[in-house]
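Novice: Listed here are the chains, written in short residue letters.
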Amino acid sequence: MPGITREEVAHLARLARLELKPEELDHFAGQLDDIIGAVARVSEVADQDVPPTSHPLPLTNVMRADEVRSSLTPEQALSGAPAQEQQRFKVPQILGED
Amino acid sequence: MTTTTDLVSYEDALASYDPVMGLEVHVELGTKTKMFCGCSTELGAEPNSQSCPTCLGLPGSLPVVNATGVESAIKIGLALNCEIAEWCRFARKNYFYPDMPKNFQTSQYDEPIAFNGYLDVQLEDGTTFRVEIERAHMEEDTGKSTHVGGATGRIHGAQHSLLDYNRAGIPLIEIVTKPIVGAGERAPEVARAYVAELRELIKALGVSEARMEMGQMRCDVNLSLMPKDADKFGTRSETKNVNSLRSVERAARFEIQRHAAVLSGGGTIVQETRHFHEDTGSTTSGRVKEEAEDYRYFPEPDLVPVAPSRDWVEELRATLPELPLARRNRLREEWGVSAVDMQAILNAGAIDPIVATIEAGADATSARKWWMGELARTANETGTHLEALPITPEQVARVTALVAEGSLNDKLARQVIEGVLKGEGTPDEVVEKRGLKVVSDEGALTAAVDEAIAGNPAIADKIRGGKVAAAGALVGAVMKATRGQADAARVKELILEKLGVSEG
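So the protein sequences, as listed, match chains Z and S.
The numbering used here applies: residue 102 is where the first sequence begins, and numbers increase by one.
The numbering used here applies: residue 43 is where the second sequence begins, and numbers increase by one.
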């Protein structure tokens, strides 16, 4: 089982928009390696005939009818927003995109 | 941004390269509620008045899938001749962008609900081209951003952006084609015809109005070129959010010319997102993809799998309407029109009005004549579409009935239609109010004919001498005298009778 590299941790941190210090990269690489190693032991017992599980309950087709339910008011929706303007969520300049 | 793009002529590009296209179309479903919560999807609501903890991604909220959304996805899949998954899941597509407050879009990844289908499309000259469908999957729309501080609301130079999440979570079906090869110089036309046919199909299924101008249907055009003798596809560009049929065709054409210029100059195509500009018909570079997108898809743990029973699928298959291309071919035969004419009728949005007019009692030729003539012109001039005109198919049918029974001629019928469009009432009311009736009183007609002959002795002599064509001038005089309310054919008959000649 190949170890999780420092570069992989840095990549994940960037995707998750987390700023990690160099020593943290090493620290988390080791921790993630342990976690993945532990989880990987499942494959020692689960063979091809055991389908992967994505949900703990044996349910399918839980659906709701297409009926409107009341929404939050704009005031409620915006109540947690750090900044707002014109009844909209105000976000910083979007950089490096588009 | 302002650098000009090198292009080679379309003909030269096609002489050396074969285009390969992939089209991704997003359709916003017309459900009453969002895909995973009960918020309304009604358009035009106040900003952020249609959101809830689920579509805002607040902690502790749980999504539940909209049954009508799944049903619509299956119907679309079936109409596209796809297989329907027996079991499939939703997946999280993770990315950070303020248009998605959850920081992921709930989508489907390697288990789409529908896959492996095709759609036959008809080109302008009537030939059929089969577009293979890779998949159709369920997902959700994003919120709407307004960029503040930049020029004309664009993202460039914006100081900050404002988000309205009313649209976040509205059901989307993404339909992806397999690579479209072999279309050659007709690739842009195929792209347009495909999106047009798909739009007709979606409308016929009743799952969305598919109004492109309202963003209910959006197309991404992926395009690459390969040298004529190559066996490997070239690098592609992805032109995003091309939002009209005309733009789909123009974007494909532009990219063919641009790629050919880069490749024939010895360059390489950069895999990137490009933006289409309606005003110039060109594309400009967007975001370069330095690495494969890393969305870290994983199965959505908050939703259980969708496993449509075969009974349900067959039940839905049985409800499918006659599909648009088959319907057009049937109508074409019934109406006796050419493929090219039918294409024009389709483009004018006149199929349904003509069908309804025929159902209301008109004959096909008259129904087609009015909708494709007078009414299409009016719709064009007023910048609206046929079905939005203030005249019903029943009213058009009534006008054709009045013509058929002889109480209106074409000229008067046009005035009746004009009156109805101006809100003067029903055809019968307009006839009444405007006093529009063909003069069928033989006495009055004969008097008008005598007067015309007496007033134009030279012309009358010509006609007596055998120049029947000259009768037109006398007919004109009679029509003028009766303010257009005479039956022109009868007038001509009377004139010839009076002058003792018969039509050769």
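No lab work stands behind these hints, which were simulated from the structure alone.
A couple of the hints might just be wrong.
[As the list claims (entries may be wrong)] Computed list of lysine-lysine pairs in DSS-like fashion (alpha-carbon distance at most 30 Å, straight line):
{"id": "1", "chain 1": "Z", "residue 1": "K191", "chain 2": "S", "residue 2": "K144"}
{"id": "2", "chain 1": "S", "residue 1": "K453", "chain 2": "Z", "residue 2": "K122"}
{"id": "3", "chain 1": "S", "residue 1": "K411", "chain 2": "S", "residue 2": "K475"}
{"id": "4", "chain 1": "S", "residue 1": "K464", "chain 2": "S", "residue 2": "K479"}
{"id": "5", "chain 1": "S", "residue 1": "K245", "chain 2": "S", "residue 2": "K74"}
{"id": "6", "chain 1": "S", "residue 1": "K504", "chain 2": "S", "residue 2": "K411"}
{"id": "7", "chain 1": "S", "residue 1": "K464", "chain 2": "S", "residue 2": "K540"}
{"id": "8", "chain 1": "Z", "residue 1": "K191", "chain 2": "S", "residue 2": "K186"}
{"id": "9", "chain 1": "S", "residue 1": "K245", "chain 2": "S", "residue 2": "K186"}
{"id": "10", "chain 1": "S", "residue 1": "K411", "chain 2": "S", "residue 2": "K534"}
{"id": "11", "chain 1": "Z", "residue 1": "K122", "chain 2": "S", "residue 2": "K135"}
{"id": "12", "chain 1": "S", "residue 1": "K453", "chain 2": "S", "residue 2": "K540"}
{"id": "13", "chain 1": "S", "residue 1": "K144", "chain 2": "S", "residue 2": "K74"}
{"id": "14", "chain 1": "S", "residue 1": "K245", "chain 2": "Z", "residue 2": "K191"}
{"id": "15", "chain 1": "S", "residue 1": "K504", "chain 2": "S", "residue 2": "K475"}
{"id": "16", "chain 1": "Z", "residue 1": "K191", "chain 2": "S", "residue 2": "K479"}
{"id": "17", "chain 1": "S", "residue 1": "K475", "chain 2": "S", "residue 2": "K509"}
{"id": "18", "chain 1": "S", "residue 1": "K509", "chain 2": "S", "residue 2": "K522"}
{"id": "19", "chain 1": "S", "residue 1": "K282", "chain 2": "Z", "residue 2": "K191"}
{"id": "20", "chain 1": "S", "residue 1": "K475", "chain 2": "S", "residue 2": "K464"}
{"id": "21", "chain 1": "S", "residue 1": "K245", "chain 2": "S", "residue 2": "K135"}
Bear in mind that the values here come from a model prediction, so they are computed numbers and not experimental data.
Novice: Decide, hint by hint, whether the structure agrees.
Specialist: Here is what the structure says about each hint:
Between K191(Z) and K144(S) the alpha-carbon distance is near 16 Å, which keeps this suggested pair within the 30 Å criterion. Taking the CA atoms of K453(S) and K122(Z), the gap is about 84 Å. The hint is violated against a cut of 30 Å. For the hint linking K411(S) to K475(S), the alpha-carbon distance of about 25 Å falls within 30 Å, and the restraint holds. At most 30 Å may separate the alpha-carbon atoms for a hinted pair to count; K464(S) and K479(S) meet this at roughly 19 Å.
Distance restraint check for K245(S) and K74(S): the Cα-Cα separation of roughly 16 Å lies within the 30 Å cut-off, and the hinted pair is therefore satisfied. This hinted pair does not check out: K504(S) and K411(S) have alpha carbons roughly 35 Å apart, beyond 30 Å. Between K464(S) and K540(S) the alpha-carbon distance is near 41 Å, which puts this suggested pair outside the 30 Å criterion. Proximity of K191(Z) to K186(S) is assessed by CA-CA distance (about 12 Å); at most 30 Å being required, the pair is judged to hold.
Distance check on the hinted pair: K245(S) and K186(S) sit about 25 Å apart at the alpha-carbon level, within 30 Å; holds. Restraint check for K411(S) and K534(S): satisfied, since their Cα atoms lie roughly 24 Å apart, inside the 30 Å limit. For a cut-off of 30 Å, the pair hint linking K122(Z) to K135(S) stands: about 27 Å separates their Cα positions. Note on K453(S) and K540(S): the hinted pairing holds, with a Cα-Cα distance of about 25 Å set against a maximum of 30 Å.
Distance restraint check for K144(S) and K74(S): the Cα-Cα separation of roughly 22 Å lies within the 30 Å cut-off, and the hinted pair is therefore satisfied. At roughly 36 Å between alpha-carbon atoms, K245(S) and K191(Z) are farther apart than 30 Å, so this suggested pair is violated. Of the pairs offered as hints, the one joining K504(S) and K475(S) is violated, with about 40 Å between alpha carbons and a cut-off of 30 Å exceeded. Taking the CA atoms of K191(Z) and K479(S), the gap is about 65 Å. The hint is violated against a cut of 30 Å.
A threshold of 30 Å between alpha carbons decides the hint, and for K475(S) with K509(S) the separation of about 40 Å lies outside it, so the pair is violated. For a cut-off of 30 Å, the pair hint linking K509(S) to K522(S) stands: about 22 Å separates their Cα positions. Taking the CA atoms of K282(S) and K191(Z), the gap is about 25 Å. The hint holds against a cut of 30 Å. Among the hinted pairs, K475(S) with K464(S) is consistent with the structure: their alpha-carbon atoms are about 13 Å apart, no more than 30 Å.
At most 30 Å may separate the alpha-carbon atoms for a hinted pair to count; K245(S) and K135(S) meet this at roughly 29 Å.
Hints 2, 6, 7, 14, 15, 16, 17 from the earlier list are contradicted by this structure; the remaining hints agree with it.
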